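Novice: Make the full structure from the sequences, and use the hints.
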Amino acid sequence: MKKLLAGNEAIARGAWEAGVLFASGYPGTPSTEILENFVRYPGVYGEWAPNEKVALDAAIGAAYAGRRALATMKHVGLNVAADAFYYVSMTGTESALVVVSADDPQMHSSQNEQDNRNFARFARVPCLDPSDSQEAKDMVIAAYDLSEQFDTPVMLRPTTRISHSFTMVELGERQEHPTRVHRFPRNAKKYVMVPANARPRHYFIEERLEKLKAFAETFPFNRVEWRDLDLGIVTNGVAYQYAREVFPNASILKLGMSFPVPMQMIADFARRVKRLIVLEELDPFIEDFMRMAGIQVEGKSIFPLCGELNPAIVRERAIAAGLLPPGSALPKASIPELPPLPARPPVLCPGCPHRSVFWAIKKLHLPVNGDIGCYTLGVVPPLEAIETTGCMGASIGVAHGASKSSGKKHVAVIGDSTFFHTGMPALVNAVYNRSPVITVIMDNRVTAMTGDQPNPGTGKTLQGEETVAIDFEPLVKAMGVKHVAKVDAYNEAEVEAALKAFKKLDEPSVVIAERPCALLPEVRKTYQPLHVDLGKCDGCGVCLNTGCPALLHSIEIHEESGRYKVEIDPLLCTGCELCAQVCPQEAISFRAQADHFGYETHL
Amino acid sequence: MEAINFLLAGVGGQGVLTASNILAEVGVLAGYDVKKSEVHGMSQRGGNVTSHVRWGKTVYSPLIGVGEVDYLLAFEALESLRYLNMLRPTAKIITDDHRITPITVTTGNAVYPERGQIDGWLRQVTADVFWVPGVSLAEGMGNARVANIIVLGFLSRLLDVPEQMWQEAIVRWVPGKVLALNQEALARGSSLAAAAR
Ligand SMILES: Cc1ncc(C[n+]2csc(CCOP(=O)(O)OP(=O)(O)O)c2C)c(N)n1
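For the protein sequence lines, the chains are B and L, in the order given. Residue 130 in numbering that gives the first Met the number 0 sits at position 131 of the first sequence, and the numbers go up by one each step. Residue 113 in numbering that gives the first Met the number 0 sits at position 114 of the second sequence, and the numbers go up by one each step.
Read the hints as simulated data drawn from the structure, not as lab findings. Some hints here could point you the wrong way.
Below are the BS3-like pairs computed for lysine-lysine, each with C-alpha atoms no more than 30 Å apart in a straight line [to be verified]:
#1 Lys1/B to Lys176/L
#2 Lys176/L to Lys459/B
#3 Lys524/B to Lys176/L
#4 Lys56/L to Lys2/B
#5 Lys331/B to Lys91/L
#6 Lys331/B to Lys56/L
#7 Lys1/B to Lys56/L
#8 Lys91/L to Lys2/B
#9 Lys176/L to Lys2/B
If you want the ones that stay clear, here's a sample from chain B, every Cβ over 12 Å from chain L, calculated [to be verified]:
#10 Asp103
#11 Ala342
#12 Val581
Since the structure is predicted, the reported quantities are computational estimates derived from the model, not experimental observations. C-beta: ideal position from N, C-alpha, C; glycine also.
Specialist: Laid out in structure tokens, this is it:
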């Protein structure tokens, strides 16, 4: 049967068909939907780990125990899991292990644009790059066989465009791969990487790499499509599709395996074509191997290194480089001169509990070190409440270092999921090395940025089953924080009071600002739009400084000041009451007062 | 055969992705090779959302190239303007007249163009500009959320695919309890197009 599947759905399907029994991952765009789809299949186990290193260790444990295992993460997740990725390359496993690392060219939702083929090379691990959903599924299955054949983990590297594009897939059946391991292996020479055991393993992985290079020459996902010999294109991943689209007559060497590359195949291809180019997204990865082998080739001299490719960029650059005749530009519609159009920057949602916390934090007039999550949007105007954001878990460490070295107090802002991810060791550091950092845990009870996944504080597993909800208050106290306040994030005065009390301290403190994300289904049921009393509103605009998208200019003008009064969009307002709390004129109704204004609430 | 390329544009929460799922499904039912591409992530937080849908004998790129869009479906008036450079000279534009004020406009940092202006700009690109009062019709039907299906219904009249395939695609993508409403929305859009011709 054929079905239209997203790349991520196809990867999940492939893992299921390949008989995978255990999967662990950490959410991260564009990889998140792989695990969410995988656990819907029968006979499998999948889980969200608190971070990618823990996820990969867990998958390694399952593969050591003889179960086909999968770990999923976004590209930067592999930075976090790098240590585990290296040792498992050294040890190999009993049953197959595949690591999916989803790259994000164009940084649609990431902080950098790293090309993780470099990780594969670094760790001597084979890397497969699918070019559509069908290949994504087929390559997962091939990856499991490869893993067992060569005793190596295998990396599958989709990109955002592959993960989130839907293409037709022929579905197959599941092949069971029951464990052949009945007792956990006792094989210290292979699995205990003390130096004496690790040294011979280094020889093992270098020899394995040589064997993989030979294998790459016959790997069916590396293939040549002979057409005209005037132009030959070496390509991989989604770039293959752009090559087919823009150069329908060119010969193509498509590399399904981007590491190690089949040098013999490449050399043969190079010899037969007149002009040779490499079309690949991000780094000149394949290109560099070709150059090292002395093959004359053009690649990044024509196509951009930064950002995502698309057919328009490829066509335009190809014409400029003389790969296509000048007349091959497509006829364009005549486009009018438009003024700059109003932008729609991403903003904190109406009712977002992060908004009121930032409002209170700003009143401290302290430098704020941010982290990664929805609350990173605290940086956009009008809040502009964050000075730094680097990677997950960085807030507390950076605040500590800045504070310790400058003698100034800093605030670290970190989400609940991010705190479990990598915030905890940093808080331990702030306590251990005594810095007066105020850590604000923005506990919206969910991993919101990536689409509301549960986390260790939520009390729910990936499958939606009940589990322990780890409680931040006793947790941070046990970590040695003496000053801990738990507040309702919607209560601006309460948040502000806790922060101001802690501002006076010379020791680390933690404010846990709790309130569920306004997008959660149970919260949606409680939406109750508020109302502006236009008789009281003088258009001062204080409420607009909260940056809530539900607050609009009305058409009514306040006579004395000549300013527009404010109104509330009842379709957007959730009734969080921040605007009501900050309004100097008390012109905005609280929920309990809704009737007071003669306003009908519609739940 | 060259691919037929659809660009869908709107604002987070408007059902752009559902509409593109249905449109892709219709292509599959009509026997085409289909690719559909979108990026989710930051766009869910009130930002603009686009989806590329391509039908053809064999479709390679999941993305439509510049100058290759045959049908632009805008679910919000301002969004109809953002991707004009993507259109073929022969493109058709279907746009909802609904306005969602961007935060940059509410805060007084930008101006939302008038409908007449937008219409003028669109018509400089192509004569085939169709305004659809999707959101207001949908509100009249009791649920603003089916506006996306009204716009799709309008498109369905411009394409050569049997009506029953559209209905089938809707059945596959819409939950049972709002199915009848969505079917009605599709019919509404389709009859609007019939009247516009
Ligand atoms: C190493 C790494 N893994 C995953 C991600 C993707 N990611 C971005 S934000 C985020 C979660 C944020 O959740 P939380 O801290 O609870 O904040 P919220 O979005 O709920 O406000 C994730 C998983 C990332 N940027 N880096």
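Novice: The structure should be examined with respect to each hint, and the outcome stated for every one.
Specialist: Each hint tested on the structure:
For the hint pairing Lys1/B with Lys176/L, the CA-to-CA distance comes to about 27 Å; that is within 30 Å, so the pair holds. Distance hint between Lys176/L and Lys459/B is fulfilled; the C-alpha atoms sit about 28 Å from each other, no more than 30 Å. Note on Lys524/B and Lys176/L: the hinted pairing holds, with a Cα-Cα distance of about 18 Å set against a maximum of 30 Å. Between Lys56/L and Lys2/B, the direct Cα distance comes to roughly 16 Å. Compliance with the 30 Å bound is thereby established for this hinted pair.
A distance of roughly 14 Å separates the Cα atoms of Lys331/B and Lys91/L; the hinted pair therefore holds under the 30 Å criterion. Distance check on the hinted pair: Lys331/B and Lys56/L sit about 23 Å apart at the alpha-carbon level, within 30 Å; holds. In summary, the hint linking Lys1/B to Lys56/L is supported, as the alpha carbons are separated by about 15 Å, within the 30 Å threshold. This hinted pair checks out: Lys91/L and Lys2/B have alpha carbons roughly 29 Å apart, not beyond 30 Å.
About 25 Å separates the Cα atoms of Lys176/L and Lys2/B, which keeps this hinted pair within 30 Å; it holds. Residue placement check: Asp103/B does not keep its beta carbon more than 12 Å from all beta carbons of chain L (closest about 9 Å). With a cut of 12 Å on Cβ distances, Ala342/B falls inside the contact zone with chain L, its closest approach being about 5 Å. Look at Val581/B: its CB is around 16 Å from the nearest CB on chain L, clear of 12 Å, so calling it non-interface holds up.
Going through the hint list in order, the structure does not satisfy hints 10 and 11.
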